[in-house]
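Asker: Take a look at the letters that make up each chain.
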Amino acid sequence: MSAAAALPTPSPAAPSPGRPRRRDLRQNWLGYVFLSPAALLFVLFIGGPFLVAIALSLYSWDLLTPPEFVGLENFTTLLQDPVLIQAFANTFLFAFASVLTHVVGALLLALAVNALASRVVSYLVRTAVFFPFIISWAAVALLWQYMLDPGFGVITHYIDRIGLTPPDWFLDPAWALPAIIGIDFWHTLGFTFIIMLAGLQTVPKQLIEAAQTDGAGRRQVFWHVTVPMMSPTLFFAMVVTFIGAFQIFDPIQIITGGGPDDATLTLVMYLYEQGFQSFRIGYASAVAFLVFVVIMAVTLLQFWGARKWVHQQ
Amino acid sequence: MSTTNPGTTTTTRTDTTPPPAGAPSTRRRGPRPGRIALNLALLVFAAIMAAPLVWLISTSLTDPAEAFRIPPNWLPIGTTTENFRAVGELIPVGQMALNSVMVAVITTGGSLIVSVLAAYAFSRFEFRGRSSAFLIMLSAMMVPAQLLIIPVFILMRTLGLVDTLVALWLPGLIHVFSIFFLRQYFNSIPRDLDEAAILDGAGHLWILFRMLVPLSGPALSALAILVFEASWNNYFAPLIFLSTPENMTLPLGLVALQDAQAGAAPATVFAAITMIVLPVLIVFLIFQRQFVASIATAGVRG
Numbered sequence: 003m004s005a006a007a008a009l010p011t012p013s014p015a016a017p018s019p020g021r022p023r024r025r026d027l028r029q030n031w032l033g034y035v036f037l038s039p040a041a042l043l044f045v046l047f048i049g050g051p052f053l054v055a056i057a058l059s060l061y062s063w064d065l066l067t068p069p070e071f072v073g074l075e076n077f078t079t080l081l082q083d084p085v086l087i088q089a090f091a092n093t094f095l096f097a098f099a100s101v102l103t104h105v106v107g108a109l110l111l112a113l114a115v116n117a118l119a120s121r122v123v124s125y126l127v128r129t130a131v132f133f134p135f136i137i138s139w140a141a142v143a144l145l146w147q148y149m150l151d152p153g154f155g156v157i158t159h160y161i162d163r164i165g166l167t168p169p170d171w172f173l174d175p176a177w178a179l180p181a182i183i184g185i186d187f188w189h190t191l192g193f194t195f196i197i198m199l200a201g202l203q204t205v206p207k208q209l210i211e212a213a214q215t216d217g218a219g220r221r222q223v224f225w226h227v228t229v230p231m232m233s234p235t236l237f238f239a240m241v242v243t244f245i246g247a248f249q250i251f252d253p254i255q256i257i258t259g260g261g262p263d264d265a266t267l268t269l270v271m272y273l274y275e276q277g278f279q280s281f282r283i284g285y286a287s288a289v290a291f292l293v294f295v296v297i298m299a300v301t302l303l304q305f306w307g308a309r310k311w312v313h314q315q
Numbered sequence: 006m007s008t009t010n011p012g013t014t015t016t017t018r019t020d021t022t023p024p025p026a027g028a029p030s031t032r033r034r035g036p037r038p039g040r041i042a043l044n045l046a047l048l049v050f051a052a053i054m055a056a057p058l059v060w061l062i063s064t065s066l067t068d069p070a071e072a073f074r075i076p077p078n079w080l081p082i083g084t085t086t087e088n089f090r091a092v093g094e095l096i097p098v099g100q101m102a103l104n105s106v107m108v109a110v111i112t113t114g115g116s117l118i119v120s121v122l123a124a125y126a127f128s129r130f131e132f133r134g135r136s137s138a139f140l141i142m143l144s145a146m147m148v149p150a151q152l153l154i155i156p157v158f159i160l161m162r163t164l165g166l167v168d169t170l171v172a173l174w175l176p177g178l179i180h181v182f183s184i185f186f187l188r189q190y191f192n193s194i195p196r197d198l199d200e201a202a203i204l205d206g207a208g209h210l211w212i213l214f215r216m217l218v219p220l221s222g223p224a225l226s227a228l229a230i231l232v233f234e235a236s237w238n239n240y241f242a243p244l245i246f247l248s249t250p251e252n253m254t255l256p257l258g259l260v261a262l263q264d265a266q267a268g269a270a271p272a273t274v275f276a277a278i279t280m281i282v283l284p285v286l287i288v289f290l291i292f293q294r295q296f297v298a299s300i301a302t303a304g305v306r307g
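Going down the list, the protein sequences come from chains C and P.
Going by our numbering, the first sequence opens with residue 3, and the numbers climb by one from there.
Going by our numbering, the second sequence opens with residue 6, and the numbers climb by one from there.
Please note that a few of the clues may not be correct.
[What the hints assert, rightly or not] Between beta-carbon pairs, the in silico distance windows are:
# : chain 1 : residue 1 : chain 2 : residue 2 : range
1 : C       : ARG309    : P       : MET147    : 17 to 25 Å
2 : P       : ARG196    : C       : VAL35     : 15 to 23 Å
3 : C       : THR78     : P       : THR249    : 17 to 25 Å
4 : C       : TRP311    : P       : ALA46     : 26 to 34 Å
5 : P       : ALA56     : C       : ASP263    : 56 to 64 Å
Keep in mind that the hints were calculated from the coordinates and are not lab data.
Glycine included, each C-beta is placed from N, C-alpha and C at the ideal position.
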């Protein structure tokens with residue numbers, strides 16, 4: 003290995019004498035062989051489609067008649083499309099609520115389990131909180147649709163029992179998105195929770211004990227030891243939750259279809275409608291490109307902000 | 006009664022008498038009321054999280070006429086299998102389960118083989134364009150699936166693969182995160198081992214599959230769980246590609262069942278949801294530790 007690593011990067015002009023020994027050439031060639039299945043699949047299903055999608059966003063195409071080049075028209079339409087603006091706002095609201103509730107909820111729960119739970123309680127909490135995550139969104143969405151049913155839903159019933167009037171969740175524009183946010187919390191909390199629990203294990207016990215010996219209270223230990231030591235985990239959870247939440251689609255398509263009154267219309271739902279129901283392929287590609295740009299921008303922004311608060315080990 | 010037997014009180018005594026040198030600290034043994042209250046609160050929270058599952062299973066086992074009574078049944082009334090039989094009459098649920106298994110198994114196995122080969126190339130060979138190829142693959146992790154779905158759909162339509170299972174597993178064979186994750190893992194395995202094997206006359210395939218792969222057991226099982234779970238639960242791609250009930254996977258079939266307003270009674274839909282949830286739940290309870298570890302490693306390793 004050391005011999006291979008010592009090789010200078012190959013320059014096309016004038017190979018230095020004696021450099022490409024027979025074995026290195028064979029290694030070179032074999033590297034491509036081992037990489038080729040992945041490379042071929044990558045070009046076919048990721049790299050190629052990525053370039054095609056960007057190109058398609060410059061066309062107007064309904065899959066039947068030949069595509070027509072329209073330049074940036076899809077994007078100018080996009081900026082003036084009130085439905086798109088609504089979808090954008092919904093998606094951001096959902097992603098923001100999702101990151102906030104998941105990260106804070108999972109952190110508090112992990113702290114409580116880590117510090118207080120007996121072994122049995124810890125097992126029961128881990129199981130009960132994590133299992134919804136492994137159930138497909140399709141099953142989760144249908145189950146909760148029935149749980150919130152105005153006629154016979156369990157939740158409706160108990161809200162009724164404590165003397166409040168339950169809203170007509172998915173028919174009321176004010177309540178449809180909050181309901182989806184709640185369902186998503188139930189489904190996805192376990193994922194963030196497990197990450198937090200693993201992160202808490204990485205906080206050195208000696209550090210906490212040292213702080214306590216110096217007279218730090220619980221709150222001080224939390225803010226000055228636990229949070230800085232866990233900042234890489236918190237950061238990872240925030241980035242991953244945001245990226246996941248920004249692409250929310252399954253429960254929306256299954257439960258509300260984006261309604262009522264576009265109250266739950268998200269960007270990916272809109273993309274699906276435009277592309278696969280209205281067959282406006284070019285316009286849908288432009289929406290998809292917008293989703294990509296926003297995810298990239300927010301991720302970069304989070305990485306940029308992370309330099310200020312994430313503790314490097 | 007008044008004289009306590011020293012043998013039975015040793016555990017409580019440890020709290021007051023200083024532990025012998027070298028013994029683990031037992032500071033936090035004593036039950037404090039606050040601690041009990043918080044444990045109870047955690048149990049209540051766990052029960053609330055689990056409640057939908059309990060309601061689901063008892064309702065699916067209840068006679069359809071009784072199924073959605075108010076107040077709700079938390080225990081099944083007169084356990085019936087009628088609802089489950091009704092599912093089979095409305096959708097080809099056996100075929101759908103078979104499809105789901107096939108797609109998930111091919112995707113998991115195939116993508117791991119492709120990833121292992123690529124990770125070996127990135128970790129062990131020097132070749133021109135290696136670092137740029139790696140960078141391009143890495144940045145692809147930021148590309149959302151929705152951006153790619155339209156061109157992939159057009160490609161599948163051109164190849165005549167729309168409404169086939171191939172359209173689901175073929176694109177699933179490239180899994181960039183697995184390549185990245187395994188390359189990191191291979192890099193952490195000393196290369197002296199390879200060189201010793203080469204001196205003994207071993208080829209690269211031998212080194213990879215007889216040495217590195219067995220040494221990467223935890224990483225590979227973590228990835229296998231993640232990929233299988235994602236494929237098993239996938240809804241977006243099947244929704245785009247499949248239309249014939251016989252070709253559908255379970256999540257899509259489930260939604261199709263509910264949409265078939267004409268036939269499916271709510272209790273039938275509940276039985277169908279149970280049929281999808283229960284196998285995953287059982288597998289989860291058996292492999293809980295590995296499930297949790299796979300998510301945790303992904304989180305800590307980033």
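Asker: The structure should be examined with respect to each hint, and the outcome stated for every one.
Answerer: Now for the hints, and whether the structure bears them out:
1. C:ARG309 x P:MET147: 17 to 25 Å: Once the Cβ atoms are compared, 19 Å apart, the range 17 to 25 Å for MET147 of chain P and ARG309 of chain C holds.
2. P:ARG196 x C:VAL35: 15 to 23 Å: 20 Å, holds
3. C:THR78 x P:THR249: 17 to 25 Å: 40 Å, violated
4. C:TRP311 x P:ALA46: 26 to 34 Å: 30 Å, holds
5. P:ALA56 x C:ASP263: 56 to 64 Å: Violated: the Cβ-Cβ distance is about 31 Å, outside 56 to 64 Å.
Of the hints listed earlier, those the structure fails to meet are numbers 3 and 5, in rising order.
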